[in-house]
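Undergrad: Here's the letter readout for the chains.
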Amino acid sequence: MDQKLEGTPKATLQLTGRSVTRSEVSNDWGTRLQWQIKRDGKEVATTVAGLDLTYEHPDTAPGKYEVVLQQFHYLNYKKDKDGKFIESKYVNISEPVSYTI
Amino acid sequence: MLHIGNQYLPLCSGGNRRSFLQIGAAAMAGLTLPNWLKLQAAGAVDESKAKIRNCITLFLVGSPGHLDTWDMKPDAPEDIRGKFKPISTSVPGVQICEHFPRMARIMDRVALIRSLHYSTGASHENGQRWMMTGHDFDAANKQPHMGSVISRVYGSRGDLPASILLPTGIGNTGTTTPHGQESAYLGSAHQPFILGSDPARSDFKVADLESPSGQSELRVEARRKLLHEVDDLQRVVETNSTLERDTAYARAFNLLTRPETKKAFDLTEESPKLRDRYGRNTFGQSCLMARRLIERGTRFVTVNQFDTVFGISCWDMHSDGSSLNNTYADYEHILCPQFDLAFTALLEDLQQRGLLEETVIAVISEFGRTPKLNARGGRDHYPSAFTNFLAGGPIRGGRVIGSTDKIGAAPHDRPVEPPQVVASIYQAMGIDLETTMLPGPGGRPVRLIDAEPIRELFS
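Chains A and B supply the protein sequences, listed in that same order. Numbers 968 to 1068, taken from my numbering, label the letters of the first sequence in order. Numbers 2 to 460, taken from my numbering, label the letters of the second sequence in order.
Please note that a few of the clues may not be correct.
Each computed DSS-like pair below joins lysine-lysine, with the alpha-carbon atoms no more than 30 angstroms apart [as the list claims (entries may be wrong)]:
| no. | chain 1 | residue 1 | chain 2 | residue 2 |
| --- | --- | --- | --- | --- |
| 1 | A | 1045 | A | 1005 |
| 2 | A | 971 | B | 52 |
| 3 | A | 977 | B | 373 |
| 4 | B | 86 | A | 1051 |
| 5 | A | 1046 | B | 264 |
| 6 | B | 263 | A | 1046 |
| 7 | A | 1048 | B | 74 |
| 8 | B | 143 | B | 86 |
| 9 | B | 274 | A | 971 |
| 10 | A | 971 | B | 206 |
| 11 | B | 74 | B | 84 |
| 12 | A | 971 | B | 86 |
| 13 | A | 971 | A | 1031 |
| 14 | A | 1051 | B | 84 |
| 15 | B | 74 | B | 263 |
| 16 | A | 971 | B | 84 |
| 17 | B | 264 | A | 1056 |
| 18 | A | 1045 | A | 971 |
| 19 | A | 1045 | B | 264 |
| 20 | A | 977 | A | 1045 |
| 21 | B | 274 | B | 264 |
| 22 | B | 373 | A | 1048 |
| 23 | B | 74 | A | 977 |
| 24 | B | 86 | A | 977 |
It should be emphasised that the hints constitute simulated quantities derived from the structure, not laboratory data.
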């Protein structure tokens, strides 16, 4: 019996300056949460979304930043030769928020 | 006073009426309930005479590496300390893996046993038997699961089985030897009831609690009345053993038809927020169901986190590139977060409901994992040192029992063996190990476990 993740997790984000605050996750799969940060459309960082609901990305290089909350979606066990998942992956569980520096 | 189990349970043998019931009742009622229902008719324990507690055991099938979870060695060489970092906890001086942030906050309620070890074989099944029966493997003398012992000693409380396995029994973990989740010489009356279904699924149903297709509850009720009529005719010439048999069938019908009993398995009665708190996955929802069952009368619930170690994401981190290819990625993205969420939800939920004082939580596994990473970056089986932990009931939290050496290869002080953990669970559940005996093989009285409890857990 493999792990069954039921439903679709969701969270909402609120932006205050560069600081992003997330809601609790509804339909939480229990897998790892992370923040994904893009600058000018390109991923520049991912970091664990810990117990603190608020996150502020430290990078101040000019550009348009987009922040989204993601959760790991375990689909199956398949991995590549380096032990990394092939089909299981992080998926967005919130709408992104953005700011410009 | 010497107690031999709960009470003597005569087993049915022979007799026309029973033959009728065996053949007829299952067909009449459409029952597919396991054998325990056919035989189990234990009387109630006088709870006023002892502080009886319940137990929820979370069995981490596959076994987490102790160096990657609850016995980290940040000063060891890189190929020993592994990838993860330790974090501080609510107990000064006690650190655990960074991927258990919620558990770190409640360490004051948890007692880690870091010096567990045994020296016999390193198969999964061997570890399962050690940790769930307290005994080494002996093909000629199989030993009962802790839940079966509790069923025999305490009996049932209400209509629910005394011991339940969630979500299912352990299947293929490498060899064909027993997993230690059977009733053994205690007989099928004390076999754990196996849920056999995934409570995380939206279409979840307990197969044994559903009327077969085409049989309405009305029809089941009609068949129950028919059985009663037959019973009335027969009762005048029957014996006490028949009445106990009747109890088993009444319980079967109750499980099928009583709304309260079926509700015990109905997670939709829980708030979505609480279900989220446990994690919407198989393990998390099983932990939530464990709480519901304890709340409603089950004495011993075992949650098997997995039923196999092959081809799924589990703790068995060999990184072998094939069917045992669990890696740090599994720990980091799935296993540690899910455990952290579910374990802390269970403990906090029990506490908020006033049930933690009367419920022991035991988190156990087969063994630890090799101190040195293998060539593929994984860790293999290692029974010479590992960490398990207890909480709830009379267990004193915020303490660490024993330690391992600098690389986690062997106990450094206060070595603990599996039977001592099992003895501690029995004692924590209120059993006096000095005076309580079981009817062993051949009916001779045997001790529940040949070991002393770990006294530091209680003082």
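Undergrad: Take the hints in turn and mark each one as holding or not.
TA: These are the hints, each one checked on the structure:
no.	hint	result
1	A:1045 - A:1005	27 angstroms, holds
2	A:971 - B:52	38 angstroms, violated
3	A:977 - B:373	40 angstroms, violated
4	B:86 - A:1051	20 angstroms, holds
5	A:1046 - B:264	40 angstroms, violated
6	B:263 - A:1046	40 angstroms, violated
7	A:1048 - B:74	28 angstroms, holds
8	B:143 - B:86	41 angstroms, violated
9	B:274 - A:971	18 angstroms, holds
10	A:971 - B:206	15 angstroms, holds
11	B:74 - B:84	11 angstroms, holds
12	A:971 - B:86	29 angstroms, holds
13	A:971 - A:1031	37 angstroms, violated
14	A:1051 - B:84	15 angstroms, holds
15	B:74 - B:263	47 angstroms, violated
16	A:971 - B:84	27 angstroms, holds
17	B:264 - A:1056	36 angstroms, violated
18	A:1045 - A:971	15 angstroms, holds
19	A:1045 - B:264	37 angstroms, violated
20	A:977 - A:1045	25 angstroms, holds
21	B:274 - B:264	19 angstroms, holds
22	B:373 - A:1048	21 angstroms, holds
23	B:74 - A:977	37 angstroms, violated
24	B:86 - A:977	29 angstroms, holds
Consistency with the previously given hints fails for numbers 2, 3, 5, 6, 8, 13, 15, 17, 19 and 23, ordered from lowest to highest.
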